[in-house]
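Here the protein sequences line up with chains A and B, keeping their order.
Mind the numbering: the first sequence is residues 1 to 804 in full-length UniProt numbering, read in order.
Mind the numbering: the second sequence is residues 1 to 590 in full-length UniProt numbering, read in order.
Careful: at least some of the hints might be erroneous.
[To be verified] No farther apart than 20 Å at their CA atoms in a straight line, the calculated lysine-lysine pairs in the PhoX-like style are these:
#: 1; chain 1: A; residue 1: K219; chain 2: A; residue 2: K139
#: 2; chain 1: B; residue 1: K343; chain 2: A; residue 2: K623
#: 3; chain 1: A; residue 1: K326; chain 2: B; residue 2: K233
#: 4; chain 1: A; residue 1: K623; chain 2: B; residue 2: K580
#: 5; chain 1: A; residue 1: K326; chain 2: B; residue 2: K404
Read the hints as simulated data drawn from the structure, not as lab findings.
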Amino acid sequence: MGHQAHPAHIISRPGLYYVTSSRRGRGRDRTAHLERVLIFPPKLLYSSRQIDSFSSLSLSIFPSQLPSITPLLSLSLLVLLTMEMEKLDFAADRDRAKDFLTNFSDENGQPKYLNLLQDVANRKLRAVQIDLDDLSTYKGLEEGFWERVVGNTRRYVGIFAEAVDELMPEPTEAILADEDRDILMTQRVDETSDSADPTADPHQKMPSEIKRFFEVYIKAMTKNSPLTIRQVKASNIGQLVKISGIITRCSDVKPLMQVAVYTCEECGFEIYQEVTARVFMPLLECPSTRCRVNKVKGNLILQQRASKFLKFQEAKIQELAEHVPKGHIPRSLTVHFRGELTRKVTPGDVVELSGIFLPIPYTGFRAMRAGLVADTYLEAMSVTHYKKKYSEYELKGDEQDQIERLAEDGDIYNKLARSLAPEIFGHEDVKKALLLLLVGAPHRKLSDGMKIRGDLHICLMGDPGVAKSQLLKHIINVAPRGVYTTGRGSSGVGLTAAVQRDPITNEMVLEGGALVLSDMGICAIDEFDKMDESDRTSIHEVMEQQTVSIAKAGITTSLNARTAVLAAANPAWGRYDMRRTPAENINLPPALLSRFDLLWLILDRADMDTDLEMARHVVHVHKTLESPSLGFTPLEPSVLRAYISAARRVMPCIPRELEEYIATAYASIRQDEARSNAPHSYTTIRTLLSILRISIALARLRFSETVAQSDVDEALRLMQMSKYSLYSDDRQRAGLDAISDIYSILRDEAARTNRLDVRYAHALNLISRKGYSEAQLKECLEEYASLNVWQIHPNTFDIRFIDP
Amino acid sequence: MGGPQYDLLMNPLGAVRQTFEKAVASSQPSGLDPTALYRGKDWGIVDVLNQFLFSQGGLAQVPILDASSLKWIKPNTLVRFRGMVQDMLGNEFYIGAFKDGCTWRTNKFLDFSPFSVPPVSETTLWERRLFHCVPVPGQNSWAIESTPYPLKINISNEMTCQHGEKRRRDDDPDGISDFDCCDEGSSSSNKKQKDCGSASHHKIAEITNGSSFPTNSFSCLVKVYDMPESQFKLNEVVEFIGIYTFDPELTTSDRSDNVDDDMSMFDFMDDVATHLPPSKVPRIHCLVSQKLSTQDLISNSPACEPLPNVIRGIRDSLVSYLSCTLGNDVIAAQCLLLHLLSKLRVKSDVASVGQLSLNLTGFTQESASIFGKQLNNAIKTLLPYSHTIPLTIEYLNTAMLQPKKDNESGRLLMGALQLASGTHLTLDETVMQSGTLNSKGVENVLLLKHLMEHQIVEYDFQFYKLEMATEVQCLIISEAKSNILPADLVVPVCPSAVAPVSASEEQLHAWRWYLTTVRSLPYSTDTSICEMLQNEMVEAMRKDRSLGCSDLSRWMTMAQLMAASFGEKSFSVEHWQMVKEIERLRKERL
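Given the sequences, and given the hints that come with them, work out the whole structure.
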């Protein structure tokens, strides 16, 4: 392959190497090109894209007049030149782009991009974002066009910009003039029309960039899932890729010169120089025809105001923890943001980026040191923040289908509950309660401005080592927004909020604690009983009013803390003391306890069955080196999250006919309590609200707009179970076994309704509210039937008392 | 292929070039683009090398690169390096092949192109992986010595005198006048190394006694080619055989660092390698690599199958040695043996199986100084990697235990708990005084606790924590049962006599072999014994209500380890009874 050079332009000026190119078109599909060439005299050459594809280009270097390096430029020996490109392929593609922009219409039949361009012309918008989604659905394009755009995005951004240039409509509204720029533009337009000289120096020709008031971005397909950083390979160079990650560092926004504009002292011409790299070599002598003919070395002065600058920002993006394979550490990648995309990210943001993966050569001495190595970066094209709130949760791909399938399944309530912390054995009712905590009920704002919270608060109390903390951590994992903290662990700011003195500015600043940070989410507080006294008082407000009020150091304010509190606490003496009353064991004031919708006591009780279960489990784990199978496949946390977020959109209401039912239920709980000789539970009006909240959450799980009676029954059952976990010992002490208790319940019910028969379904409802199982009911029915107390219907199991 | 025409030891790059040219020539007729063909693929050099190393016994001639040999090993020669993968620096894109005139040339295994300027030409971009490797933290001197140094003495005698001239001669053609500066750098570091030279082993041993590892003594940037993504994991111990490169030209440009940084607009573009200047961190272009297990560190291990009576003999002598170090306390020695043999086998969500952390209590400050030291020495001579952390308030408040990512430099900063798997960690609580822990201290304690309970260390990545599974045996020495760090097994030590401990080199060797071999034996549990176990456990739980899941789990682990200590694969009733006996005696002491 002889390297014949056909220089397109020969411009001799000291200080520069000339790079020119000629293409030998070997096939029409060759999209290879060079936008710019950087040359470090001693070392290497890179292109901005696919170094592989150099084969279609031949280049020649004229190291003419090697300069004495001017002090200004001692930084690098870099030379940069725009290359003359074969426009053939691209001219056709530009027409295709134009056709697409003109004729594409969105689902409403509106010409999406023409409207967009009108906004740009009216200076309402700067960014022209071209969605690849649109491009792929648009019918009028030839096959390969889409692939070419994805594979060589940098170039096609330029092509689309040219297309937009040609299509740009006249402004339809009076525009806010950017004075400097517009005055300059009118002047320029006048001048260029004067000297429409085809042989004019390319540096005198106004680059289209300077005229543009818009930036073109190409956004990757939304339906493809993003790559992780380690999946971006050398083969992706030059392509549009979509990645997700967390921003770890951000630079300041700096101006980046896009077009340098000079005026010549001698001839007065305006000279333009396009800058496409980070470093450029300023022009020193006027290249205009007049100066050349007159053989004057016209002195060029850089015009700051006339030049065009772009906002520029750099950032580092790192892989998310869940994308890192075991035993590896996260990778990171440099991202460049330009123009409208700057200031979109801050460190700590979890984002999805689409951008062009490009190599960047080291320059200057760094190049020598780094030798053959090219660093890479991502030229950002779009930024999407991951939503962390339920209300903003977007369903991905087939999640909608999955949710629908799950919703059709009747047993969704049990299924979801079991999938919470599947590795923790048992505790079904606790898990059900936690599921309801995740779902919650809607907030109510009454007409008089009073707010009623919808978040459920749950307190788990129990012996050490009953997996309370694991449950808490798992819930935080499932919740899209959750904070895990310990009563003592959060220092300084504490749980609520604190006024602190900023060490640098010496000003007082307000800092939110865990409860404030988990606004609209879940706050899991471990070691709740060991909380600071100051936090404990302020948590009262958080749990009912859902705000944190601060009046310190001249700052008086109220912060939102609309959070569901999930607390875990140890009993007063570390372990639950059976000899003492529950009230003594629970080391929390009644005022705080009453704020919890459900209070659960998980005791490490020992009996033969659980002992054997434990022994079997241990032996199994040691033998097979894996946990015993669960007997079901738990749902993935992501599916849980999607389902819950869908459920949270439902706003169920309570039908009028249920009001009576709920009221009676509440009244009977109050009565029970009054009757018992040691009232240690605190049934207040808050209890009634809790019943409503739990019922609504249950209705939400069914995607139902109205609360059904079964929801209320289940709510009552849960409340009863939670109480049962606390007071079951009393019952046994009172000598009342389960069977006789069920009998008395049914007897009472029959007496209340003044009838002799109780329907089986109704009986089941009644006893399950009190925390008994169906098996116990059956046992009771059989036992008392044999005593001829009642008759049981052989098919329906309905009960009929035999009149004494 | 015929024999290699090049001296693979001294000029491996010659072989690289030769094989590449051959490969390109052979692919020529097919008309395929040779660079596309060999992107991310080996073209035969590895085969040539493998043959040389493993069939022709070349391996023994390859010098080992470490702090002391760095000064005499010539650049661009074949070296071996054993180290732990401390940081993964991601991928590097480099110009893999380019066309020089009509011939293809490759830059694989090079930092720097030997051809002055490849004229603007056809080039292809290839990928390689960068690992930052350090000598294994806490490696004990015997494990270092045991690595065969066949030619070390000869070569070093020969080479050190030649070395100065050789280098200079090599560099002269390049006309680098400021060679002195880089020489200065390396010679000053050499001096340092010379100072500690012979004492370096002791130094490591001493430092492990103290607070931190010699982290900045020596490290290596390994560039690995053509490797599947998940080949090496963090903290794995790997042996690399590759080309050591050192280019003075690159080093000299270090001097211009300041200038470079002044003009640099590429704030974020700096690659991590700039923080590891080649003058301090040698580069190795890896050709052949292999993960090392502790077994590989035992030189010329007895090739025989572990025979039961041989194992039993070694076991008995080891127990008596251990009981000697603990003042003739056989129970504690038995427990210690089980602890030394323990190995994390599986980690499920709820429980980790197989680990047995040990808390030896009953030490006073005085007895700890005697027995603690003896114990430490014993562990150091028996296990390849060990590390001691003195739990003082001051240490906990100041030490960096947690490995942390520095997002400014892009490096993972090594914490004291970044350990290779199989490392033994001794936590000395006897030195603890009363005092206040600051927030860092609390964090460090939680980290240690988490490590003991779940064998997990959380690495700090600033915006999130990443859990890294580790495998570290933890031994706690304390006055009373440690409440800060929950050990699986608590054994009060009752020393009766202070006996001088001694062991012959052969005995030590046999014990090392025994420990590593037994640890790597597979386990299994008979189904027949399960029923009996379950019943016994239920019975025991009825008698003692305080027994929990962790106790049962511990018994199982101990029974299995007991069986393993006799070289058996699965445990029998006999082993179970032994464990129960130990438990009974242990209970009496509590």
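Each hint, compared with the structure:
1. A/K219 x A/K139: Given that 20 Å is the threshold and the Cα spacing comes to 19 Å, the pair holds.
2. B/K343 x A/K623: holds (15 Å)
3. A/K326 x B/K233: holds (8 Å)
4. A/K623 x B/K580: holds (19 Å)
5. A/K326 x B/K404: holds (17 Å)
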